[in-house]
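I would like the entire structure built from these sequences, with the hints used as guidance.
Using the numbering used here, the first residue of the sequence shown is number 1, and each one after it goes up by one.
Simulated from the structure, these hints should not be mistaken for lab results. Please note that the accuracy of each hint is not assured.
Pairwise CB distance ranges (calculated) [as the list claims (entries may be wrong)]:
(1) Asp6 with Asp26: 15 to 21 angstroms
(2) Asp8 with His32: 31 to 37 angstroms
(3) Asp26 with Pro5: 36 to 42 angstroms
From the three backbone atoms N, C-alpha and C, an ideal C-beta is built for every residue, glycine too.
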Amino acid sequence: MPSFPDHDLQPDWCRGDLSLQLHADDPDTVLHALRDIARHTPGRNAGSPAPRKPT
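Listed below in structure tokens is the structure:
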């Protein structure tokens with residue numbers, strides 16, 4: 001992700017992992033959001049399995 005104009009990024013804190021928590025009343029909404037995020041994430045591992053539908 002590129003830095004924003006006013007950000008003062010510290011190199012020691014960059015290039016790490018990102019954790020997201022997705023929540024919705026309907027599991028299909030969560031799955032759609034997860035797939036949309038994965039589809040628009042550049043450089044993701046193309047060999048990763050597709051996300052499974054929450055139960």
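Okay, the hints, checked on the actual structure:
1. Asp6 with Asp26: 15 to 21 angstroms: 37 angstroms Cβ-Cβ, so the 15 to 21 angstroms window is violated.
2. Asp8 with His32: 31 to 37 angstroms: Given range 31 to 37 angstroms: holds, Cβ gap about 35 angstroms.
3. Asp26 with Pro5: 36 to 42 angstroms: holds (37 angstroms)
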